[in-house]
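Participant: We have chain A already, so just place chain B on it with the hints.
Here is how the chains run, residue by residue.
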Amino acid sequence: MSSITYLEAIRLAQQRALAEDPRVFIYGQDIGQFGGAFKATKNLAKEFPGRVLDSPISEDAMVGLAIGAAVEGMRPIVEMQFADFSTCGFNQIVNQAATLHYRTGTPCPLVVRLPSGGTPGGGPFHSQSMEAIYAHYPGLVVMTPATVEDAYTMLLEAVAADDPVIFCEHKFLYYHLKAEKLPESALPFGKARITRPGRDATVVTYGAMVHEALAAAEELLHDGYDTEVVDLRTVRPIDTDTILASVARTGRLLVVGESWPWGGVAAEVTARVATEGFGLLDAPPQRLNAKETPVPYHPALWGTHRPTASTIANSLRQLLEL
Amino acid sequence: MTKSSPAAPASKAGMAKALPVGKNEDGAGKGSGRPVAREITRRAYRTMIEARLLEEKLAALYRSGKIVGGVFLGRGQEALSVALGVHLRKGDVYAPLIRDQAGRLAFGDTILDTLRTYLGSSLGPMRGRDGNIHRGRPSEGYHAMISHLGAMVSTVCGGLLAKRFRGESGAVGATCIGEGGTSTGSFHEGMNMAAVEKLPLVVVVANNQFSYSTPNDRQFACADLMARAEGYGIRGRRAVGNDLLDCLGVIGDAVAAARAGDGPQLVVADLLRLVGHGEHDDASYIPDALKNSPLGRDCLEIAVESLLDKGWITGKEVSDWHDAVGREVEETASKVLREPAPDPSEEDWNAFAMLGRGASGEDAE
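Sequence lines, in order, name chains A and B.
With my numbering applied, the first sequence covers 5 to 326.
With my numbering applied, the second sequence covers 9 to 373.
So that you can see chain A by itself, here it is in the shape it has in the complex (with noise of 0.2 Å):
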């Protein structure tokens, strides 16, 4: 098999999912004979006729319809076209699909597709980064996949799931990172992984940060430092578990988050580890996150916007010395 890219994980994934289960379908703006505005679904209408439906441009209307859907025993995917855009349906999400099991006992198994956080040229409207929006929200699932596997293993999962399950996926990572093959077994999803052991200090992260943060531990070894760097996979359930053992282990914690501070799942992990782990540090716990300020436009100005593996050594090396 020739290199498979994180967006053709995705495409393969829901092509697997219409395949092995008649449950599914896809519903989004432009992902029938279009394939999607990334080509995320290209081909699957084709494939699987009827099942690959183009929607009207309304974002509450297409996550009611899943809502309605998952109720009588399908398992809807939802494209969202920018996870900007799921604003529009953020009613819907959050306060329909989120509340229906607790509510009425009839669970809500449904995938809202999020393509998420920044690229260069992107902009305010498709930039945004929305994990701690919708994890704030009790009944939701929230991914944020790091990896070419995880990014098939998870909507695989998310599919699965009986809970309705906000999948944010990392156009950054769409066309740069690759792998040879797909996983048939992975660490399921709710389990953070350790994708660098180090033993100096703990970068506890997700997403397109994954990345940056792993650079920055090279980085590091340069001036002696061996950094641990925890991808969290699922933002919601949090393993705090796995957070809590690696800092035991390294004393330090930066927190790094692409979406702004505020609220945000930096300041989530930050507190957990403050509240339930404050013994284990040697150090104040840090943070790290994009500016408080729209994403900008410019790939000059966004470059500096976000967290950045430059950025991200400099806040550890603040760290080891503190």
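Think of the hints as simulated: they come from the structure by calculation, not from any bench.
Each residue gets a CB set at the ideal place from its N, CA and C atoms; glycine is no exception.
Hints may contain errors.
[Stated by the list, open to error] One-sided excerpt, in silico: chain A residues whose CB lies under 10 Å from chain B:
| id | residue |
| --- | --- |
| 1 | R27 |
| 2 | G54 |
| 3 | I61 |
| 4 | E63 |
| 5 | A65 |
| 6 | M78 |
| 7 | N99 |
| 8 | T103 |
| 9 | P113 |
| 10 | G143 |
| 11 | L144 |
| 12 | V145 |
| 13 | D166 |
| 14 | D167 |
Facilitator: Quick look at chain B alone, frame taken from chain A:
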């Protein structure tokens, strides 16, 4: 696809854009629907009595402090609500809204489940986790509304699309909404989606002239909500909202058309809510002139007159039904008041369905 007739402008006289009851310009309305059979009318009327007496009990329980939160009644809207409920059957998808006690009972909800939900009994379908009108049994096609108006339109569409995927035909989906709810983006998206997907959806708009306190001239600027049907490319019909026979005929037509594959159907009915938005609201914003107009006539009175006039019911039956329903409501309320409240220490406090999947539980949190 059948287009609705172009809607003629309704009279703008008065406080609200109500059409004179029993008459409208496009030929729909009173007497325009299918002939209505005796048995379904009797069943509908009896269900209206159940809804009315049950709601009077709910109001009493609210006033005596037994029900916490709001109590939202459908008084004055029972004819329209029940006319949809009685035309649905098992296998259909139904998402009632705030003033649909009568439709709910006709669809299969019970006095017991209603009281259990309002009183928060742990034995009810919502187990104290949600209350009042936010109840349902979604897995049985009876959706539990959320408060955000318009949201249920697309949800019902999803149920219908699922049936289409499974090759099941003959089922319809139905929901109701007030005229105020038609102003939401969610309503528009859902209606447009239903039309695009050509789903067998019936949407009944109860135009009760006030969205909470807001009159129609602050709610929409089109002359007639019937025009919306044409905008969506679907069939629209008008019913006289407080006339049971008219509602049964018109909604019966709409449900039959949807069942036959004619796509989404919109029914618009003018009426008046004879009660506040909730029991906390004295509805002082509704002018007396409107209350005293034909629009303000009680649909139960109109229904019993029609039934007596046709010889479909006797005065004794009416009285017996009231007695029997009143007894059932009282006995059920007494029973539910003795039922256990939810015990916070017994709750699992878990919002996920996937308990037991080792990796996925939130024990890590």
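Participant: The structure should be examined with respect to each hint, and the outcome stated for every one.
Facilitator: Comparing the hints with the structure gives:
1. R27: 8 Å, holds
2. G54: 8 Å, holds
3. I61: Cβ of I61(A) sits 9 Å from chain B, so the hint holds.
4. E63: 8 Å, holds
5. A65: Result: holds, 4 Å to nearest chain B Cβ.
6. M78: 5 Å, holds
7. N99: 5 Å, holds
8. T103: T103(A) check passes; min Cβ-Cβ to chain B is 7 Å, inside 10 Å.
9. P113: 8 Å, holds
10. G143: 4 Å, holds
11. L144: 8 Å, holds
12. V145: It holds, given that the least Cβ distance between V145(A) and chain B is near 7 Å, below 10 Å.
13. D166: 4 Å, holds
14. D167: 5 Å, holds
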